[in-house]
Amino acid sequence: MATRKTSNKSSASKEELLQFYRDMLLIRRFEEKAGQLYGMGLIGGFCHLYIGQEAVVVGLEAASEEGDKRITTYRDHGHMLACGMDPDGVMAELTGRDGGYSRGKGGSMHMFSKDKHFYGGHGIVGANVPLGAGLAFADQYRENGRVTFTYFGDGAANQGQVYETFNMASLWKLPVIFVIENNQYAMGTSQKRSTSTPEIYTRGEPFGIPGEAVDGMDVEAVKAAGEKAVKHCRAGKGPYILEMKTYRYRGHSMSDPAKYRTREEVQKIRDEKDPIEHIRDVLIAGKHAGEEDLKAIDKEIKATINAAADFAKESPEPDEGELWTDIYATEVPQEA
Amino acid sequence: MAEHTMIDAIRMALSRALDEDETVILFGQDIGIDGGVFRATNGLMQRFGSGRVRDTPLSETVIAGMCVGAAAHGLRPVAEIQFMGFLYSAIDQLANHAARLRNRTRGRLSCPMVLRAPFGGGIKAPEHHSESMEAMLAHIPGLRVVVPGSPTRAYGLLLAAIRDPDPVVFLEPKRLYRAGGEPVEDTGAALPIEQAEVLQEGDDVTLISWGAMLTEAREAVETLADEGISAELVDLSSLKPIDRATLRASVEKTGRCVIVHEAPLTAGLGAEIAADLAEHCLISLLAPVRRVTGYDTVMPYLRLEASYLPSTDRVLRAVRDVMEFA
Ligand SMILES: Cc1ncc(C[n+]2csc(CCOP(=O)(O)OP(=O)(O)O)c2C)c(N)n1
Ligand SMILES: [Mg+2]
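Here the protein sequences line up with chains A and B, keeping their order.
Heads up: the first sequence runs through residues 1 to 336, numbered per the working numbering.
Heads up: the second sequence runs through residues 1 to 326, numbered per the working numbering.
Because the hints were derived from the structure by calculation, they are not lab data.
Don't take each hint at face value.
What the hints assert, rightly or not - Reference listing, derived: stretches of chain A covered by chain B, where coverage requires no fewer than 3 residues with Cβ under 8 Å from a Cβ of chain B:
1. 102 to 114
2. 251 to 263
What the hints assert, rightly or not - Here are a few chain B residues that sit away from chain A, every Cβ distance over 10 Å (derived from the structure):
3. L109
4. T152
5. A179
6. R218
7. A275
If you're wondering where the values come from, they're calculated on a predicted model, not measured in any experiment.
Cβ coordinates follow ideal geometry from the N, Cα and C atoms, glycine included.
Full structure from sequences and hints, please.
Take a look at the structure:
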């Protein structure tokens, strides 16, 4: 595309490029469908879409190994799909159904998978960051060489507990990678209007934590930075900060007054930096795939997503008695 | 006269306060350009400037702590916390500083701040976006906790909270934000901050409630009237301190009481009220005081919200129980 500002050269293999393409496209199509289901009234409360940021989780997952952990915020659908969780279960949780990962009690913000080492899905901004350090502590204690990817936003980076975590994680050399997904906005507040020192990755310096800024729209750059951070952590050198410069195309959640940025700003980034279109360019330029191949992939992904949406609509609603389950390990008697 | 929703009334009160007192400052996330999550502050930044209507970073602890400092030094900060469930980190500042400043300084310093936060169900989001944890706040000596039950009362009580010399947590029942309108006159008159309001007089049973549950309580009162039961409905409004005199007077008259709240049962404010009535009105009571409350469960997502929220039916059952008792 003429306006694209990214290079279409790459040293990655055809297989890897195609995998990036598939993984990112799966997230995008999933989110588009989630947006539709929300519009149809099938999803309650909030729904925070990840569209535009796909390269971050896909690149970092490519740098991870089995057993590594991840924990994130409420903008979590992409993370779950990227680490291999089932689109059916994620979509059914959005619609509050029994087939969802929290069996309809968690909603879009609260899903977990022990199998995939995904520790949520958390609604309180900034509060998942110390949890990430705790997961890393448990791994360090077990001496198992695992690392924890702890994701949070540019807005969350202004919460005090983030810095309390930096201090302790550095002091104890915990194997945690702090991934700041800087999409430039916290709801309607731009980073400029909320953040005194905009280079968030430098905020680890006073604590002795190395950090770097990464083009979060370029999946290969993300993967390379992730590998470096993982190596640092696995070598027992303590935490690492990756600030992913990225962008969210949609509103903060499905209710967004859209008064804080212009349509042109969003369109410009879509045109110039879109992570999926970028890989598409690379695939075509490198003659790894033709238009028809990519269309076929899209078709296949759409079928997966449509099946997930059907599952999410058809899965039964939780029984009323579920209100009283899992409050304690012991059963709570139902009140009249 | 035009009808005003509760959100309009809140905006009117904030606007009035900013207009009449230049020490009033608004803090909060997205309250300026966006006008707040529920648009309570829509247009206020444009009107009063970004110096007085301040978009803050995402830092609840600091928002609350800044309010304490600013209030101790003569300002009247009014901060918005986007949802009650985001307020917990601010409780440190509320409990350890705001609520105790007057006592510690033997009155030399005070803390005239207001923390506004929407609470309760109504948007089918889980947990922190919908829960009712007012009792946690009402437990703190030195703090006021106020919940408006209608647009008119929101206007008058918010002005009272802002003008009050002590810290106030002003909890806004989000289910009522746009639930209906009534004409609210922008007179600048505050309502008495500590007074429970008798919304409807009756002789047979007293219903005590606050916030969004007044809707179900009111429906119950109407149904009961058709059955020949005359119920008195009291809007508690001030959860701390509690207007015990009004509650006792009502129950001494009717002899029966049902308390309705959305918050969980155990250690909820219903327990405090029931204990007070047991201690002071035993002779007048014809039946045990009953509570109709949310359950001791986590505030659920989506469809289960309807199972959690006390229904008009549950209120009616409790009232019929106490009527049958004696
Ligand atoms: C403690 C707390 N305060 C406020 C909110 C409301 N809120 C949810 S997301 C958000 C913005 C967060 O921005 P950022 O950290 O940049 O993440 P992004 O949404 O951009 O992914 C806010 C203010 C919350 N969920 N928790
Ligand atoms: Mg952000």
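Going down the list of hints, with the structure as the test:
1. 102 to 114: holds (count 6)
2. 251 to 263: holds (count 3)
3. L109: Since the minimum Cβ distance to chain A is about 24 Å, B/L109 lies beyond 10 Å and the statement holds.
4. T152: B/T152 is indeed farther than 10 Å from all Cβ atoms of chain A, at 27 Å.
5. A179: For B/A179, whose nearest Cβ neighbour in chain A is about 18 Å away, the distance exceeds 10 Å, so it holds.
6. R218: Given a closest Cβ separation of 23 Å, the condition holds.
7. A275: The claim stands: B/A275 keeps its Cβ more than 10 Å from every Cβ of chain A (closest is about 20 Å).
Comparing the model with each numbered hint stated earlier shows that all of them hold.
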